[in-house]
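Novice: For reference, the chains in residue letters:
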Amino acid sequence: MKDSRRVMIVLGLSAVAVSAALATSAWAAKEPLKIGVPTALTGTYAQLGDEAKRAVEFAVNEANAAGGVDGRKVEVRFLDTEAKPELARQQAEKLALEGYNIMTATIASGEVLAIGPMLNRWNALYVATINKANDITGKQCQRRLFRVNRPDYSDAAAIQPWLATRSEGKWAIVAADTAWGRNSGESFGKAAAATGKTIVSENYPPFGSNDYAAHIQKVLDSGAQGMWVALAGRDAITFARQAKQFGLFDKVVTGGVSFTTDGTVKVLGDIAKGIHTIINYSSTLDTPANRKFVADWAKAYPDDAPTNFQGETYIGMQVIFQAVRKAGSVKPADVAKAMSGGTFETILGTQRMRKEDNQLVGPNFFGVVESTKGKLQPVVKLTVPAEAATPVDDSCKF
Amino acid sequence: MAGIPAVGKGRGHGTMVQIVNGLVYGSFLYVLAVGLVLIFGLRRVTNFAHGSFFMLGAYVSYAAAAHLGFWTGMVVSVAVLALLGVLLDRFVFRPLAGEEPIVSLLVTFGLLFVLEDAVRTIWGKDFISVAAPEALAGSVTMFGSQFPVYRLFVIAVAVVVALALALWLRSTRVGLYVRASSVDPVTTGMQGVDTDRLSALVVAIGTGLAGLSGTIAGPLMALSPSMGAYIIIDCFIVVVTGGLTSFAGAFVAALVIGQFHNLGLVYVPEIASVIPLLIMGAVLGLRPQGLAGQGR
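Order-wise, the sequence lines are chains A and B. Residue numbers 2 to 399, in the numbering used here, belong to the letters of the first sequence in order. Residue numbers 38 to 333, in the numbering used here, belong to the letters of the second sequence in order.
The shape of chain A in the complex, shown without the other chains (with noise of 0.2 angstroms):
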C-alpha cells in the first residue's frame, strides 16, 4: 500500500514536471512576447501608474497561465516615467532596444506624444489604453500608434446629451495645463456652445499643483453655476480637497474627466459624492465578457473590482494578446499589420480598430458618484453607443 502511494506521488510528480517542461520547450521554441510598459511609477500620476501596472501584471499572468499567447510566454518590463514626456522616450527608447518592443500603459498622453514619432526609428508598436489627448490619432497620428480608450473629442458625445439636461447657463473650466486638459477644455467648450451654455471662467493650472485658491477664487467670482474638471492623480486630490474647503461644490454643479475616478472617489470619499463624470470603463458594466473579467479579477486580488484605469488597460492587453495570435509573429511590424483593421474581443463587446487613425471603436459611458451596495462609486447613467461615441477624426492623415 506505501508502496502503491509512494509510485502514485512519484507519477505526480513527474507528470508535473514533464508538463512544465513541455510548455517550456514550448515556450523556448517561440519568441517569447516581450511587452515594455513605460509608466508613472513615481510622481502626481503614481496612482494612476500603479493601477496600469497591476492590469498589465493580471493580464501577463492570465495569458502565461493559459498557456501563454501564439504559444508564446508573456514577459513584460516596467520603467518609470514619473509621467514627464522626456524621461517617457528616453525610458521607451530603453525598453524597446532590450527588445521590449511592444509598449503600452503610459499614462500622461504627452508622454504617448513624445514616444509616438520614435516607434518607427525603434522598430517599435504603441497600445495607448488611458491617453486621452486628441493628436494621438489625429494630427500627429502614426501607423505604429494605436489607441483603446476613448479620446478627448469623443468625450463630447457623452457630455452633450448630460449638459442639455442642466439649466444652468454659466459654466467655468478647471483643467491640467497640458495636451490633454486643453483637449479636454476644448471639447467641453464645443459641447457647451451647442447646447446654449456660456464659458465665464477658464482655468489651466500647471501639472502638479500645490495650491488651487487663485483658481477657485477665479470660479466663484465667475459667477458659474457649473464647473467642468479635467485633473488627475494627485492634482485632483489636492483640487478636491481645497474646493471643498471653499465649499465650491455646494455652490456649482460639477462634472469631469478622470477627477472622480474610482481611484480618486476612493480617497476623497463623500468629498466626490454628487460630481457627474465621464465613465470610460466601469466594473459594473453589465457585458457577460465584463462580468467574467471582474469575478477573475477578485479571484487574483481579493476584495478589490478593477478600475476605469484597470479596465482600459486590460482592453489594451487583450488588443495586444489578439493581434499577436493574428499575425503568428512578435514583430512590431507584423503585429502592427494584424491590429491595424482588426476586430477584437474585449470585455466593452467585439470592437473594431479603425485602419484610418488607429483608433478602437468603443461605446463611452457618463455617469455620477453615488453609492451603490454600500460602496460609493462612479455609477453609468448614459451609455453612447461606439460608432457615436468614436467618430472619425479625419486630421489623421498616415
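By construction, these hints were calculated from the structure, which means they are not laboratory data. Any given hint might turn out to be false.
Distance windows between CB atoms, simulated [said to hold, decoys possible]:
id : chain 1 : residue 1 : chain 2 : residue 2 : range
1  : A       : 389       : B       : 163       : 43 to 49 angstroms
2  : A       : 58        : B       : 204       : 51 to 57 angstroms
3  : B       : 104       : A       : 353       : 53 to 59 angstroms
Nothing here was measured: the structure is a model prediction, and the numbers come from that model. Think of the CB as a built atom: it goes at the ideal place given N, C-alpha and C, for glycine as much as any other residue.
Based on these hints, arrange chain B on the given structure of chain A.
Specialist: Frame of chain A; chain B shown alone:
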C-alpha cells in the same frame, strides 16, 4: 450639489481675497524654507532631503492623527522629525563637515530617495487625503467671499514661527551663538562655543519645522511619497532670494514669492510658474547676496 448661482463679487473684493490666498502660500513656504535656512546657516549644507523630511512629516502626522487627533499628530510629527534631525546631524553632517560641500549635498540627495522609498514601503503608493481638524474645518466671510478658516490658521502658524524664532535668536544666549555661527562658524567655535551641539539643536529645529510644514500641508494637498518634490524648488528659490542664511530675508522672500506667484495665476497664468524664478533672477541681479544676505 444643486446649482445655486454664485454671487458675483466686485473685482476689488476678488483681488483682496487673492492677496490673502497669496499670503497663505507665502506663509506655508516660509515655515518650510526657514528650516533650510537654519541648517544652511550652521552646517553650510544644502539639505536636498528637506523636501523628503517635509513629506515624512506629513505621513507621520497623518498616522499619529489617526489615533491621537490632529493636534497630537502635529506634536508627534515635529518631535519625530526633530529626532531625525539630531541623527542626521550626528551621523551625516558632522562626519562630513571636513569634506567638500558636494559630498554632503550628494549624501542628502541619496537620503531623499531612501526616505521616499521607506514611506512608499510603509504607507504604499496610493494618495492620501487628510481632513482639516474639526475646529478649523469651517469658513469665515471675508471680502464678501467664503474663506476657509484652515487657511487663516496656516498664516497664524507662520507668524508664530517667525516671532518665536526672532525671539529665540534675539533674546537668548543660544540664539546669539546661532546668529554668530551663521555668520562665521569657525570664529564662533574659537570663542568656546560648542558648535557641534549647537548644530544638532539647529538641525533638529530645522527638520522639526519640516515636520510642522508637512503637518499643515496635510489638509491642503494630497499626500504622496513624492510630494516633497513639488514644493522644494519654490522653497530653494525662497532661501536663495532671501539671502541663504537670513531668517528675515526668507520671511520677506516667501511672502513676496507667494504673493506674486498667486497673483500671476490670476492675471498672467501663462507665465505664472516661472514668476518665482524671475523674482529670484531679478533680486540676484540687483543684490547677488540676496534680499538680506550679508555678502562675503
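Novice: Each of the hints needs a verdict: does it hold here or not?
Specialist: Consistency of the hints with the structure:
no.: 1; hint: 389(A) / 163(B): 43 to 49 angstroms; result: violated, 35 angstroms
no.: 2; hint: 58(A) / 204(B): 51 to 57 angstroms; result: holds, 56 angstroms
no.: 3; hint: 104(B) / 353(A): 53 to 59 angstroms; result: holds, 54 angstroms
In terms of the numbered hints stated before, the structure departs from hint 1 and from no other.
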